[in-house]
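Residue numbers (this note's numbering), protein chains in the order written: chain A, 1 to 127; chain L, 1 to 434; chain U, 1 to 572.
It should be emphasised that the hints constitute simulated quantities derived from the structure, not laboratory data.
None of these values were measured; they are calculated from a predicted model.
The reader is advised that the hints may include incorrect statements.
[What the hints assert, rightly or not] If the Cβ cut is set under 10 angstroms, some of the chain U residues that face chain L in the computed set are:
id	residue
1	Asn-66
2	Arg-69
3	Asn-72
4	Val-88
5	Arg-90
6	Thr-102
7	Glu-139
8	Trp-155
9	Trp-198
10	Arg-333
11	Lys-338
12	Glu-345
13	Gly-351
[To be verified] Far from chain L, some chain A residues (derived; all Cβ distances over 10 angstroms):
id	residue
14	Lys-2
15	Asp-29
16	Phe-64
17	Ala-65
18	Glu-112
Backbone N, C-alpha and C fix where the C-beta goes; we use that ideal spot for every residue, glycine too.
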Amino acid sequence: MKIKANLISGRTADQGAHLEAKTHKGYFDACTYCELNSADLARLGASEGDSLKVTTEFGEVVIFAKANDGNPEGLAFIPMGPWANAVLDPDTHGCGMPGFKGVPAEIEVTDEKPLDMKSLMKKYMED
Amino acid sequence: MPVIKDAVCSFCGSLCDDITVTVEDNKITKVGNACILGHSKFVGMFEHDRIEIPMIRKEGELVPVSYDEAIEAAAKILVKSRRTLSYGWCSTSCEAISGAIQLAEETGSVIDSTANVCHGPTALAAQEKGSPSATLGEIKNRADVILFWGCNPVHAHPRHMSRYSVFSKGFFTEKGRKGRKMVVIDVRKTDTAKLADKYVEIDQGSDLLLITALRSIVNGHEEVIPETVAGVPKAEILELAEILKNAKFVCVFFGMGVTQSRSKYKNGDAVSSLISDLNQHTKAVMIAMRGHYNVTGFGQVATWETGFPMAIDFAKGYPYYNPGETGANDLLVREEPDAAIISAADPGAHFPQKAVRHLARISVIQIDPYANPTTEIADVVIPAAVVGIEAEGTAYRMDAISLHMKKLIDSKFKTDEEIVKDLTAKVRELKRGA
Amino acid sequence: MSEMLIKNANVCDPVQGINCETMDICIRDGKIVESVSGSAKIIDSEGRLTMAGGFDGHTHSAGKINVGRFMNPNDARKNLVPGLSGQVARTEKTRAQVGYNTPNTYAIGYRYAKLGYTTICEAAIPLLAARHTHEEFKEIPILDKMGLSLFGSNWQVMEYIRDKEPEKLAAYVSWGLRASRGYGVKIVNPGGGEAWGWGRNVSGLYDPVPNFDVTPAEILMGLAEANERLQLPHSVHVHCNNLGKPGNYATTIETMKLFEKINPSRDRQALHVTHVQFNAYAGTSWRDFETGAPMVADYVNGADHMTFDLGQVIFGPAITMTADGPVEYANARMLHEKWSNQDIELEDASGVVPLFYSPKSFVNAVQWAIGLELALLVKDPWKVMFTTDSPNGGSFVNYPEAFTYLMSAKRREEVISGFSKMAIDRMVLPGIDRELDFYELAVVTRGIQSKMYSMPEKGNLKVGSDADIAIYDILPGQIDPSTEYAKVKKAFSGAAYTLKDGEVVVKDGEIEATPKGKVYWVNAKVPANIDSAMQKDIDVKFRKYYTVSKSNYMVEDTYLQKPVEIATEGVF
Chain A
1 MKIKANLISG RTADQGAHLE AKTHKGYFDA CTYCELNSAD LARLGASEGD SLKVTTEFGE
61 VVIFAKANDG NPEGLAFIPM GPWANAVLDP DTHGCGMPGF KGVPAEIEVT DEKPLDMKSL
121 MKKYMED
Chain L
1 MPVIKDAVCS FCGSLCDDIT VTVEDNKITK VGNACILGHS KFVGMFEHDR IEIPMIRKEG
61 ELVPVSYDEA IEAAAKILVK SRRTLSYGWC STSCEAISGA IQLAEETGSV IDSTANVCHG
121 PTALAAQEKG SPSATLGEIK NRADVILFWG CNPVHAHPRH MSRYSVFSKG FFTEKGRKGR
181 KMVVIDVRKT DTAKLADKYV EIDQGSDLLL ITALRSIVNG HEEVIPETVA GVPKAEILEL
241 AEILKNAKFV CVFFGMGVTQ SRSKYKNGDA VSSLISDLNQ HTKAVMIAMR GHYNVTGFGQ
301 VATWETGFPM AIDFAKGYPY YNPGETGAND LLVREEPDAA IISAADPGAH FPQKAVRHLA
361 RISVIQIDPY ANPTTEIADV VIPAAVVGIE AEGTAYRMDA ISLHMKKLID SKFKTDEEIV
421 KDLTAKVREL KRGA
Chain U
1 MSEMLIKNAN VCDPVQGINC ETMDICIRDG KIVESVSGSA KIIDSEGRLT MAGGFDGHTH
61 SAGKINVGRF MNPNDARKNL VPGLSGQVAR TEKTRAQVGY NTPNTYAIGY RYAKLGYTTI
121 CEAAIPLLAA RHTHEEFKEI PILDKMGLSL FGSNWQVMEY IRDKEPEKLA AYVSWGLRAS
181 RGYGVKIVNP GGGEAWGWGR NVSGLYDPVP NFDVTPAEIL MGLAEANERL QLPHSVHVHC
241 NNLGKPGNYA TTIETMKLFE KINPSRDRQA LHVTHVQFNA YAGTSWRDFE TGAPMVADYV
301 NGADHMTFDL GQVIFGPAIT MTADGPVEYA NARMLHEKWS NQDIELEDAS GVVPLFYSPK
361 SFVNAVQWAI GLELALLVKD PWKVMFTTDS PNGGSFVNYP EAFTYLMSAK RREEVISGFS
421 KMAIDRMVLP GIDRELDFYE LAVVTRGIQS KMYSMPEKGN LKVGSDADIA IYDILPGQID
481 PSTEYAKVKK AFSGAAYTLK DGEVVVKDGE IEATPKGKVY WVNAKVPANI DSAMQKDIDV
541 KFRKYYTVSK SNYMVEDTYL QKPVEIATEG VF
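Okay, chain A solo, but in the shape it has when bound:
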C-alpha cells in the first residue's frame, strides 16, 4: 500500500546533539526515520521500526517508520541529514534556497534496510 505525503525536513535535538558525531550510530538513529501520523502508518500497513521507502522526483531512500500524531495526516517529516537529502529538491527556484520543505513523496513499506551513513555517501562517489 503506497501513500502520498508532503515531505518536510528539519532539526531535532537528537540530530543536533550528534552534529559533530555524524559517524556514530547515534546520528544514524537520530536521522534515519520518517515520522507520520498513526493513521498514515496504518494505511501503509506499517508499524514503528519497519523500513519504509520514500520516493520523490529526486530520488529514493529507505528509512525507519516512526509515529508522530503531532503530524497532520499527509505530512511526512525526516530529520535533516543525508537520508532526507537523498530525496529533497535541489532546485532553488532562482533564490538560492533548495527545497527542504514541501516535496511530494510516495511512501511504502519495504524489505530493504536503510544504508548507514558511509554506504549512503559511497553511492555518490560511484555515480
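With the hints as your guide, set chains L and U onto chain A.
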C-alpha cells in the same frame, strides 16, 4: 580543578555565555548551564570521531600525510581550479572567516555560508523590506506576546525560551511566563507548539497567505479575508490579529518554516511588512532564529568586507552577488565548480543529492575537526581545532551581538585561522612560481 | 628613523594662523619636526595647497553602517562619483572595493585617504555592540579612528540622574567608555531611545521618559556634568530631540541654551550639536515647512560655549542611519521605504532607511539650503565643523562637491536655478553672497577638530603634530574658487599627496600604501570607592536584565589595532 565561568557556547545561534566549564587534565569533564546541544559540544567532543591527521585521497582511500603535504595539495587544487566554491565558514570564528574571504578574493572563488540552506532567504527579505529587529534582552525585558513562526526552539535552540524569551524574567516582565502569551504557528504540532497558549496549524506552504491575511486585518481591511485562509478559519485569524495588535510588545521569532517552505524569501518579506504594519498599533520586532553559532558572524564579516552577506563571487576581482546564481547550491546544481573548499559546515550531510553528486565528482578540500559525510567525498582533509574550545575567536549571536569565545583547553590542532593563513601563503607562493 | 622634507608647501593651517604661506615641512618618524638631515626624502609640493589631513568628526563608518550595507546591496554597484565609488577589482596594493553610501571597510579607508582625510570619528557606538565597531575599525586601512559611545537613553544613566547620584553617574560613564573603548559621550534624542522601546518617543526637552521619571533636559545636564567632572577631551556630542520635524529649530535653540551654564573643564566647547541641518526646520508641517537656519545661526552667533556640525545634504541617493529609532520608522512609513531597526537592550535604539534627496522636491531643496545657510550665516568658522553626517545627508565621497557650494556663490546659484519657486521662497540661501576661502575651509574640515576633540597633534601642522598631511593640486594664489569651482572639486577629489604618519599613502589620487591606523580611546580615572559602588549597581543589571555576562561585555584588548589610550582624571 579549574572551573571556567561565563564561557561562550559555540553551538547554536543562542550563543549562551554563562556556561561553566570544568577542565581536568586538559579535558572538559563537566559543563554547567549547557543544554543537550552545548553538552554535546563541550563534553561530547571527546567521544566524537575526531580527524586526527591530515589526509589525501589516493586511489579512492584517504591516506595520512603531513600537514605541509596537505596544504600543498590543497593549494595546488585552488591554483589549478578555474571555478572554486568556498563553502561553510559558520562553525568557526570571525577571524577565520575574514581569512577565508581574503583567500576567496585572491583566488577569484565564490564564497558562501550555511545561510544558503538556512536564513539566506531572510537576507533577501531584509534586502526587500528591511529587518525591524532588537537585541534579545529587549524581548526578555519587554515582550508580552511571543510568536514562534515556523521554528521549534525546544529542539533547535533549547535554552532560548528560558534565557531570552517565553520563560525569562526582566525589568518589565517580572511575571515571566505568566505575564506572556506564547503563540506558535506551524504545519505540525511540534514540541514547542505543545507549550503554546495558542497553536495555529496551517496548511503546508501557506505561510504567505496567512501573513498577508494578518496584514489586511492589521491595516483595517478584514472584509477582504475569505472564510478560510491557509486552512485557518477567519475567526481564528481575527483573534490572532487582535492578540498581536493589543500586545504591549510583540516579537516574532522565525525559522526554517518561513525560509524553506513555499514562497521562501517572500515569507520573510511579508513578516517584515507585517512588523512594520503592527508598529502602527503597538511595538513589534522580528528576530531570525539563526542555526549555527556564527552564521550571523559570517554575514556580518562578509558584509563589511565585501558589501554582501553571502553568495559572493570574486571571479571578476570585485564582489558580485546574486543568490539564485551565486549560491552554493546554485553553483553545484549547475555543475559549475571544478573544486571546493569546505570548512566549518557539512554539505555532504546537508545539501540535496544533486549538489552532493557534483561535489563528489570534483576536488574537495575539507577543513574540520570531525569526520562527517563531507569527509567521505573529500580529497584533501585537514583537521582543525574546535573553535570556542581549543581556539578563541569572535562569534555573533542571532541578534547580531558579538562575543569573544575563549580558548578553554590546549590542543595539537591548528586553528581554522592558521590553516587558512598557511593555505593563502602557499597559494601565493605557487602563483608566484608559475 | 625615516625623514621626509616637503618643500614649497603652500600651507593653510588655521590652528597656527597660517594662511597660504609657502614653507617647508620637516618630518621625522611620523611627526612634524623643526628640521631634518640632508638624507631626508624630498617631496616638492611646487607651491600647492597643503593642509593637515582632513578630520571627519562625525561619520557613520563602522558598526551601524553594516545594517545599511546589508539591507542595501543595490548600493554596492552605485558609481555616482567615479574614482570614489562603485565596484573596483582588487590590486596588488588594495583589496576589492564596493559601494557608494555604504562602501566596504577597505573602500572607506582608501576613499577618505584619497580625499586627503586621515582621521575619522564614528558617530555612534552602542556599548553592547562596541566590539563590532572595533572589528570594522580593524579592517579600515590607513585612517586613525575613534568613536563616540551612546549614553542618552541608557537605563543606568537615567536612574543615576533620577536618583541624583552624579558621582556614580560619572563612574558609569567612565566604565562605559572603557567597556566600549570610546572617545566621547554621544547623546541621541535623549530619552527617546527608551521611549522607542515601547514604540513611543519624547516630544521635547521636558517630556518625561516613560517609566524612568527623567526628562531629556535632565539627561543632557546630567551627562554634561559627568563629562566635565571626568575632564573628557570632547564635550558631550548631541543629536537633539525632534530631529526632522518642522518647527524643531526651537528645540535646538532650547537645547543649546541649556548648556550656557555648563562649565567646560578643558579648553574647548561645553556642547557640540551634530548635523544641525536636520534640526533647523521652521514651519508647523511639511506644507509650510521652511528654513529655521537664520534663527539657529542667530543664536550661535551670540553664543561662545558651543560648536556644531552641518549634516549637509547631497542630492541623490542617501542612506539614513541613526540611533533615533522613531525618526527612522517615521521616515520609512512616509517614504514607503524599507526599514531596519535594532533596539539595544538597556541602552538605546537605532534605525536604517534608504532615501533619495531630489532637487525637485521643495523639502529636499530647502534641506540642502539649510546646511549651507548654517555654514555661511554663522560668522565664526571656529564654531562650525563640516559634515554630511555621512551617509545620512549623503556619502562622504561628495565632500569635494559640497566644498564648491561653500566656496562659490556662483555654483550655489547654478544649483538653486533648478529649484521650484516654492523651494526658493522657503530658504534664505539665494540672498547670501558669502564664500568661504581655503583658510575657512581648512578650519571646518581639520582645524576646529583639533580643539573640539582636544587633540593637539591632529588637524594642524605644528611641530610635534602627527605628520598627517594633504597636498592638493591647487595653486592658491592662481585660482579663483568662486568661478573655478570645478578645478577645486577635482583637486579635492584626489589629493596630489596624502601622508599618514609621514608615509605617502596617496599619490596623484591613487593609493600608494595601506598602513594600519591607530584607534584612540579614553580611560577616565575614577576613585575606587565610587567605582565599586557603581559596579554593585551594574552587577544587578547584568544579573537580572542583560543577556550577556558582565565579564563578556567589555571590548577586549585583542580588538584594538594600534590603540592610543588617552587618560584623564575625574574631579570628585
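Results for each hint:
1. The interface hint given for U/Asn-66 holds, since its Cβ lies 5 angstroms from the closest Cβ of chain L, which is under the 10 angstroms cut-off.
2. Given the 10 angstroms rule on beta carbons, the hint for U/Arg-69 holds: about 5 angstroms separates it from the nearest Cβ of chain L.
3. With its C-beta approaching chain L no nearer than about 7 angstroms, U/Asn-72 sits inside the 10 angstroms limit, and its interface hint holds.
4. The interface hint given for U/Val-88 is met, as the beta carbon of that residue sits about 6 angstroms from the closest beta carbon of chain L, less than 10 angstroms.
5. Checking U/Arg-90 against chain L: minimum C-beta separation of about 5 angstroms stays under 10 angstroms; hint holds.
6. With a least beta-carbon distance of about 7 angstroms to chain L, the hint placing U/Thr-102 at the interface is held under the 10 angstroms criterion.
7. With its C-beta approaching chain L no nearer than about 6 angstroms, U/Glu-139 sits inside the 10 angstroms limit, and its interface hint holds.
8. Nearest Cβ of chain L to the Cβ of U/Trp-155: about 8 angstroms, under the 10 angstroms cut. The hint holds.
9. Using the Cβ-Cβ criterion of 10 angstroms, the hint placing U/Trp-198 at the interface with chain L is satisfied: the shortest such distance is roughly 5 angstroms.
10. Of the supplied interface hints, the one on U/Arg-333 holds, with its beta-carbon coming within about 7 angstroms of a beta-carbon of chain L, less than 10 angstroms.
11. The beta carbon of U/Lys-338 is positioned within 10 angstroms of a beta carbon in chain L (closest approach about 4 angstroms), and the interface hint is therefore held.
12. This hint holds: U/Glu-345 has a C-beta 3 angstroms from the nearest C-beta of chain L, less than the 10 angstroms allowed.
13. Look at U/Gly-351: its Cβ gets to within about 8 angstroms of chain L, closer than 10 angstroms, so that hint holds up.
14. Interface exclusion of A/Lys-2 from chain L stands, the closest Cβ pair being 19 angstroms apart, more than 10 angstroms.
15. Residue-level check passed: A/Asp-29 sits 14 angstroms from the nearest beta carbon of chain L, beyond 10 angstroms.
16. Annotated as non-interface, A/Phe-64 keeps its C-beta farther than 10 angstroms from every C-beta of chain L; the closest such distance is 18 angstroms.
17. No beta-carbon of chain L comes within 10 angstroms of the beta-carbon of A/Ala-65; the shortest separation is about 16 angstroms.
18. A/Glu-112, annotated as away from the interface, keeps every beta carbon of chain L farther than 10 angstroms; the closest lies near 17 angstroms.
Checked against the numbered hints listed earlier, the structure breaks none of them; every hint is satisfied.
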